[in-house]
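**Student:** Counting along the sequence shown from 1, when you hit position 85 you're at 84 in numbering that gives the first Met the number 0, and nothing is skipped either side.
Please note that the accuracy of each hint is not assured.
[What the hints assert, rightly or not] Estimated spans, in silico, between C-beta atoms of each pair:
| no. | residue 1 | residue 2 | range |
| --- | --- | --- | --- |
| 1 | SER89 | GLY36 | 50 to 60 Å |
| 2 | GLU30 | SER123 | 54 to 64 Å |
| 3 | VAL61 | ILE25 | 51 to 61 Å |
| 4 | ASP72 | GLU30 | 14 to 24 Å |
| 5 | THR114 | VAL27 | 36 to 46 Å |
| 6 | GLY36 | SER125 | 52 to 62 Å |
| 7 | CYS91 | LYS8 | 19 to 29 Å |
| 8 | PRO127 | LEU9 | 38 to 48 Å |
| 9 | GLN49 | LYS8 | 50 to 60 Å |
For the record, the hints were derived by calculation from the structure and aren't laboratory data.
Glycine included, every Cβ here is placed at the ideal spot set by N, Cα and C.
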Amino acid sequence: MLFTRRMSKLKKKLLLYFILISLVSISVSAEIILELGSPVFRDQFMHTLQSEVVRVTGNEQVAERLDRDILFDHVNTFQVRMILLLIVVSLCISGAFYLFTRNIVEPMEELVHATVRIADGDLSVSIPIYSEDE
Numbered sequence: 000m001l002f003t004r005r006m007s008k009l010k011k012k013l014l015l016y017f018i019l020i021s022l023v024s025i026s027v028s029a030e031i032i033l034e035l036g037s038p039v040f041r042d043q044f045m046h047t048l049q050s051e052v053v054r055v056t057g058n059e060q061v062a063e064r065l066d067r068d069i070l071f072d073h074v075n076t077f078q079v080r081m082i083l084l085l086i087v088v089s090l091c092i093s094g095a096f097y098l099f100t101r102n103i104v105e106p107m108e109e110l111v112h113a114t115v116r117i118a119d120g121d122l123s124v125s126i127p128i129y130s131e132d133e
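Could you put together the complete structure from these sequences and hints?
**Tutor:** Structural data, given as structure tokens:
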């Protein structure tokens, strides 16, 4: 396998695409995580819930006794799960980039390099076969 210290244009483009995909995924997850934890969201949620309890029961005392911590326990659990999912997705995207460059881009670069050498007149070039699916 050829070793080059410089990143090829193809690798740079692929890295850019994977970074953009990662940013979209991370942005969506981060927005959900931050929104669920925001005091504004929680206050609006409590106000809406209390209003609905008063409307259904006609009793303001019941609405005032709602325990905020119990109500948001599931939201907090969901936030933790979203953070874990965000980490897993980021690792999967990184792994996919690594495997893609290793298994597809590097062999393609070897072919390009060999083709250039053949075009320059070196007909002794051989290209190794790593698997039978090329």
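**Student:** Hint by hint, note whether the structure agrees.
**Tutor:** Hint by hint, here is what the structure shows:
no.: 1; hint: SER89 x GLY36: 50 to 60 Å; result: violated (19 Å)
no.: 2; hint: GLU30 x SER123: 54 to 64 Å; result: holds (57 Å)
no.: 3; hint: VAL61 x ILE25: 51 to 61 Å; result: violated (41 Å)
no.: 4; hint: ASP72 x GLU30: 14 to 24 Å; result: holds (22 Å)
no.: 5; hint: THR114 x VAL27: 36 to 46 Å; result: holds (41 Å)
no.: 6; hint: GLY36 x SER125: 52 to 62 Å; result: holds (59 Å)
no.: 7; hint: CYS91 x LYS8: 19 to 29 Å; result: holds (25 Å)
no.: 8; hint: PRO127 x LEU9: 38 to 48 Å; result: violated (19 Å)
no.: 9; hint: GLN49 x LYS8: 50 to 60 Å; result: holds (59 Å)
Hints 1, 3 and 8, counting from the list given before, are not met by this structure.
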